[in-house]
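Chains as they are written, first to last, in our numbering: chain A, -2 to 213; chain B, -2 to 213.
Accuracy of the hints is not assured; some may be wrong.
Pairwise CB distance ranges (calculated) [said to hold, decoys possible]:
#1 B:70 - A:25: 44 to 50 angstroms
#2 B:100 - A:24: 53 to 59 angstroms
#3 B:6 - A:8: 38 to 44 angstroms
Derived by calculation from the structure, the hints in this document are not laboratory data.
Ideal Cβ placement from N, Cα and C applies to all residues, glycine included.
So you can see what is in the structure, the chains are spelled out below.
Protein chains: 2
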Amino acid sequence: MEIKIMKNILDRNQNMADEIRDILTGKNVIMVNIISSPGAGKTTLLERTCERLVNKYRLGVIEGDVTTDRDAQRLKKYNIPIVVINTEGGCHLDSHSISKVLHLFDLENLDMLFVENVGNLICPTQFDLGETFKLAVVSTTEGDDKPAKYPMLFREARAVLLNKTDLLPYTNFNIENFRSDLNILNATIPLFEVSCTRGDGLEVWFRWISEQIRNN
Amino acid sequence: MEIKIMKNILDRNQNMADEIRDILTGKNVIMVNIISSPGAGKTTLLERTCERLVNKYRLGVIEGDVTTDRDAQRLKKYNIPIVVINTEGGCHLDSHSISKVLHLFDLENLDMLFVENVGNLICPTQFDLGETFKLAVVSTTEGDDKPAKYPMLFREARAVLLNKTDLLPYTNFNIENFRSDLNILNATIPLFEVSCTRGDGLEVWFRWISEQIRNN
């Protein structure tokens, strides 16, 4: 019975996600569903990305959080449309929560809508939000075994961003192990090795994300 | 309807958790449900703790993982009973999965059973496993805002272990903010500030966990 119910929930989520995807495609808006563990650096990545691209492209953000609007507060300075969804204990965003806030954005005047999902490497991967693609963010301090231990996200994402490379010298993170585990799951996925706090490697990321917008 | 089903699932989980708690109390075994984000250092904490206490107390481990037995492999060297539960994509352990493996332990000859839950700060907090208490593990590299953003665990846990203090000089983690947010949620909770890789602060932790066994 539980399995049937879960299937119903996922089916209904999928239907709404498909509707959202149709709307966004019609308006030529790319939606990026950013998924990571708590504290991997999603918000700092958005800060750096807005800082660099806000004058070139029309950006918007949906901030998913269990509680508080702390992440949204950090992005206010870029003067872009931001909507917070508090899940009140819920472990992921779903397409219904996205659908409820989508009308708050002027989609005619938007190139890219970032969705910062709830900090969780597992549940968000099961719920399609109608995104154009998923972006996996993982940090060196979490250990090199994350793709092997949480494979779902790394199989599905269009790109992986490995953050906190500035801390590599102080950890036992083995980057060859990380790359080889990732390669087994998803051999062609682009991997960006960056430090969002120090800026290392971000130029390649900015180029890639800009290309996604230009090729849309 | 979904809410009713969720209530049924949680009710059935609670009934089984109560049974497990009765069994463990009868056998004088303490069960510690360890909860953290992926990569916060639960397994390294268990390595250090087994290393130190394995000759004084009779320890056992249940390893909860989405997939792989990598964490269990790391603990094999301590020659203690270890059982792996792979959730196959599931985001938390529940009391039914614990109940299915509990008979694999010789409870008459066990002082403490550690349960390393799936790496997830949210879902595992909702499922009582029949544990004696929850232990929250969080690392400095995740940022000082974790108690504020994921309050459920920090309200319920009997103790908090802040790991990776060796990386404090390289992060913008503000320990006063962390302590004060934690204090709002749970004013009397013991906080252990440690580096499991370097050993800093672990003596206080070993003393506390030993006391839990001796006072049982």
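Do the hints match the structure? See the list:
1. B:70 - A:25: 44 to 50 angstroms: 49 angstroms, holds
2. B:100 - A:24: 53 to 59 angstroms: 57 angstroms, holds
3. B:6 - A:8: 38 to 44 angstroms: 19 angstroms, violated
When the structure is compared with the earlier hints, a violation turns up for hint 3 alone.
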